[in-house]
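Q: Chain by chain, the residues:
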Amino acid sequence: MENNDDRNLLKNEPGGSFTSGLTPLQLIEIDACTQCGECLKYCPVQDVTGNPLISPPEKIRLFREFIKATDGLKARLFGPGEVDRKLLEDFTKAIYECTTCGACGQHCTVGIFTQRLWPMLRKEMVRRGLGPLGPQAGLPKAIADTGNPYNKPAGDRYAPWFPEDVRLSEKADIAYYAGCTGAYEAQPMVRGDVRVLGQIGEPFAMLPPEEEVCCGFPLFITGQHDMLEDLVRRLVGSYKARGVKMLLCSCPCCVNIMSRDWPAYYGSELPFKIRHITQFVEDAMKTGKLLIRRELRERLIYHDPCYLSRGVGITEEPRAILRAIPGAELLEFGRNRLESRCCGAGGAARKVFHDNAIAMGRLAIDEAVDKGADRLILSCPACYAKVNEAMQGYGRQIRITDIMELLADLVERRET
Amino acid sequence: MGILLVIIAYLVYAAFWVRLSLHTFVWLKAARQLPPYHAAAGKRSLVAFVSSALDIIFFRRLFASNKVLWLGSWAFHTAFVFVVLRHLRYFLNPVPDCIWCVQPFGIAAGYILAFSLLYVVIARTVARVKYVSYQNYVILGLLFIISATGLLMRNFFRPDLIDVKSFVMGIVAFRPSPLPDNFFFIAHFSFFLLLIPYLPFHIFTAPLIAIEARGRQQGLDMVVHGK
Numbered sequence: 001m002e003n004n005d006d007r008n009l010l011k012n013e014p015g016g017s018f019t020s021g022l023t024p025l026q027l028i029e030i031d032a033c034t035q036c037g038e039c040l041k042y043c044p045v046q047d048v049t050g051n052p053l054i055s056p057p058e059k060i061r062l063f064r065e066f067i068k069a070t071d072g073l074k075a076r077l078f079g080p081g082e083v084d085r086k087l088l089e090d091f092t093k094a095i096y097e098c099t100t101c102g103a104c105g106q107h108c109t110v111g112i113f114t115q116r117l118w119p120m121l122r123k124e125m126v127r128r129g130l131g132p133l134g135p136q137a138g139l140p141k142a143i144a145d146t147g148n149p150y151n152k153p154a155g156d157r158y159a160p161w162f163p164e165d166v167r168l169s170e171k172a173d174i175a176y177y178a179g180c181t182g183a184y185e186a187q188p189m190v191r192g193d194v195r196v197l198g199q200i201g202e203p204f205a206m207l208p209p210e211e212e213v214c215c216g217f218p219l220f221i222t223g224q225h226d227m228l229e230d231l232v233r234r235l236v237g238s239y240k241a242r243g244v245k246m247l248l249c250s251c252p253c254c255v256n257i258m259s260r261d262w263p264a265y266y267g268s269e270l271p272f273k274i275r276h277i278t279q280f281v282e283d284a285m286k287t288g289k290l291l292i293r294r295e296l297r298e299r300l301i302y303h304d305p306c307y308l309s310r311g312v313g314i315t316e317e318p319r320a321i322l323r324a325i326p327g328a329e330l331l332e333f334g335r336n337r338l339e340s341r342c343c344g345a346g347g348a349a350r351k352v353f354h355d356n357a358i359a360m361g362r363l364a365i366d367e368a369v370d371k372g373a374d375r376l377i378l379s380c381p382a383c384y385a386k387v388n389e390a391m392q393g394y395g396r397q398i399r400i401t402d403i404m405e406l407l408a409d410l411v412e413r414r415e416t
Numbered sequence: 001m002g003i004l005l006v007i008i009a010y011l012v013y014a015a016f017w018v019r020l021s022l023h024t025f026v027w028l029k030a031a032r033q034l035p036p037y038h039a040a041a042g043k044r045s046l047v048a049f050v051s052s053a054l055d056i057i058f059f060r061r062l063f064a065s066n067k068v069l070w071l072g073s074w075a076f077h078t079a080f081v082f083v084v085l086r087h088l089r090y091f092l093n094p095v096p097d098c099i100w101c102v103q104p105f106g107i108a109a110g111y112i113l114a115f116s117l118l119y120v121v122i123a124r125t126v127a128r129v130k131y132v133s134y135q136n137y138v139i140l141g142l143l144f145i146i147s148a149t150g151l152l153m154r155n156f157f158r159p160d161l162i163d164v165k166s167f168v169m170g171i172v173a174f175r176p177s178p179l180p181d182n183f184f185f186i187a188h189f190s191f192f193l194l195l196i197p198y199l200p201f202h203i204f205t206a207p208l209i210a211i212e213a214r215g216r217q218q219g220l221d222m223v224v225h226g227k
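So the sequence lines, in the order shown, correspond to chains A and B.
Going by the working numbering, the letters in the first sequence line up with residues 1 to 416, in that order.
Going by the working numbering, the letters in the second sequence line up with residues 1 to 227, in that order.
Among the hints, erroneous ones may be present.
Unchecked claim - Far from chain B by the CB rule (all over 10 Å, computed), these chain A residues:
hint : residue
1    : 48
2    : 57
3    : 111
4    : 156
5    : 164
6    : 188
7    : 294
8    : 370
9    : 401
Unchecked claim - Below, simulated DMTMM-like cross-link-like pairs (lysine to aspartate or glutamate); rule was C-alpha separation at most 25 Å, straight line:
hint : chain 1 : residue 1 : chain 2 : residue 2
10   : B       : 29        : A       : 229
11   : B       : 130       : A       : 366
12   : B       : 67        : A       : 58
13   : B       : 130       : A       : 355
To be clear, the hints were calculated from the coordinates, so they are not data collected in a lab.
Even glycine gets a Cβ: it sits at the ideal position worked out from N, Cα and C.
Given these sequences and hints, build the entire structure.
A: If you want it as structure tokens, here you go:
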């Protein structure tokens, strides 16, 4: 880029077409947006920034312009046009400021699946060298070096939190995947998972810490897809070798990518089922394998994680578990289940747009306190870490507990 | 003037098909890049199909989101369909019975179309919506001018319908006929030609996505529930 004019422009070569990473359905979705702007009412980023320039319809409008520049009639007749670099950078910022919660798609008057569209647009920006942003760029190296996006030693993955009284099987039909965020950032949550699984009493396996690598979600969501196939094949191969028939996980993001995207990266149907831990625990309670021993005279309010509710449709199992606690009263957020509002932790935006994430987390805290809840129940390690962070130094306080962390203190195994 | 409008009409018509072809080409190109294996995206059942049809016909997703806007938007789109059906009598010879049957509805739809457009603009202005699509307002403006000139012709400045049909059929048959000597018809037809390049693509693609969304929603239980 030699002169001032050129500095403002980005030649499309060698980037080529903006459509190369998108499926036909996603391209049709981009065409299908009516620009009605209804989604802005549900966008959590809009709630805290109020900036329509980073809204879903504006992102789609800009991306249409990019497609036109490389695949429109003029581009076909006279060669690809030039896209203003500033416009591309603004678009990149907007697409990464999004928490990818999918509320816009849930309320879209057409029905665009934005929870999958935004990550693919991010992938396109990565391909062009414009994304990811800030610390997100270090994710592939951290995962390659240590197996996790937090760049922490594999040796610390389980040791600080794994309960001493729980025994693992070398091979079992059931396996538990702790996930990186739970293992390193939300340890009470994964400790609760393992304690409850131990109480249920079914033999279960876990991969050795150096084998339980990242599920790929942080790379997928930031548009850095190069390592995904390798990670997925390694994990699936390891579980397959242990004869696993059902893989349990409590992290919504992991469950989401495992169930929705792992088959594509693995190249065929997975050799085991994916289940969220609340599904397994609810079944155990129904069949009497797990009994809630203690009562809890508290008003609980449950926050639906975006990738669990809108992502894979798990909304009732956590509620069934909480309702089964003697003495507990379950409250609801105004927006709940498939319509829940993001707590700010999603989309890997929390590390880059920290203030947005804290403000969104505080909206959740405010509503929980306003509803008169004694405890805010979460079931996502990212939500757990971020909402706890949002409460630091904040005037309004509420006790935050993961659903399995809570349950672990209340249950006992049926004696046989 | 007449021959100029005819030439513009052919250019607009050709541009429309080029545009449609380019979009189709891009979709087909993307289809070639699909991974060899991808999980089923949604549920394909009769219930999902019927629900999708109802979503498309009654704009149920918009109804769930904004009932005030839904009223105007649904009335506008429904009226638009009837107005288009009514106008088919100018393009077909002989005119099929079914097109004759919808003529009275088409007349009523002409009024509803104009008023629903005003309603939508007022509803969005009063609601102080955060996102404004200027292209949508250009389209609404063009549609309002087209519908207003149509109503003026219907009630006050009637053109010679035989001249109108000859002119339109001349374009269709590539045998141009003289332009009817009516200012409002010329304006009506000119703004219609101006509208075509602005026609939003969502009128073709949104129904497809509505079908996909319904299948995905109804198939949500299958993702990890194994139903």
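Q: Is the Cβ of residue 401/A farther than 10 Å from every Cβ of chain B?
A: Non-interface label on residue 401/A holds, nearest chain B Cβ at 24 Å vs cutoff 10 Å.
Q: Does residue 111/A sit more than 10 Å from chain B, CB to CB?
A: The claim is violated: residue 111/A sits with its nearest Cβ about 2 Å from chain B, within 10 Å.
Q: Starting from residue 130/B, check that the Cα of residue 366/A is at most 25 Å away, please.
A: Roughly 24 Å between the alpha carbons, so the hint for residue 130/B and residue 366/A holds.
Q: Is the Cβ of residue 57/A farther than 10 Å from every Cβ of chain B?
A: Violated, since 6 Å does not exceed 10 Å.
Q: Is it the case that residue 156/A keeps its Cβ farther than 10 Å from each residue Cβ in chain B?
A: Per Cβ check, residue 156/A is outside 10 Å of chain B; nearest 29 Å; holds.
Q: Is it the case that residue 188/A keeps its Cβ farther than 10 Å from each residue Cβ in chain B?
A: For residue 188/A, whose nearest Cβ neighbour in chain B is about 24 Å away, the distance exceeds 10 Å, so it holds.
Q: Measure nothing beyond the straight line between the CA atoms of residue 29/B and residue 229/A; if it is 25 Å or shorter, mark the hint as holding.
A: Holds. Residue 29/B to residue 229/A sits at ~23 Å (cutoff 25 Å).
Q: Over 10 Å to the closest beta carbon of chain B is the bar; see if residue 48/A clears it.
A: Nearest chain B Cβ is 13 Å from residue 48/A, so the label holds.
Q: Is the claim that residue 294/A lies outside the interface with chain B correct, judged by CB distances over 10 Å?
A: 29 Å, holds
Q: So if I understand the rule, the pair passes when the alpha-carbon distance is 25 Å or less; does residue 67/B with residue 58/A pass?
A: Roughly 23 Å between the alpha carbons, so the hint for residue 67/B and residue 58/A holds.
Q: Does the structure keep residue 130/B and residue 355/A at a Cα separation of 25 Å or less?
A: OK: residue 130/B and residue 355/A at ~22 Å, within 25 Å.
Q: Confirm or reject the statement that residue 164/A sits farther than 10 Å, beta carbon to beta carbon, from all of chain B.
A: Holds, because the least Cβ-Cβ distance between residue 164/A and chain B comes to about 31 Å, which exceeds 10 Å.
Violated hints for the displayed structure, listed by number in ascending order: 2, 3.
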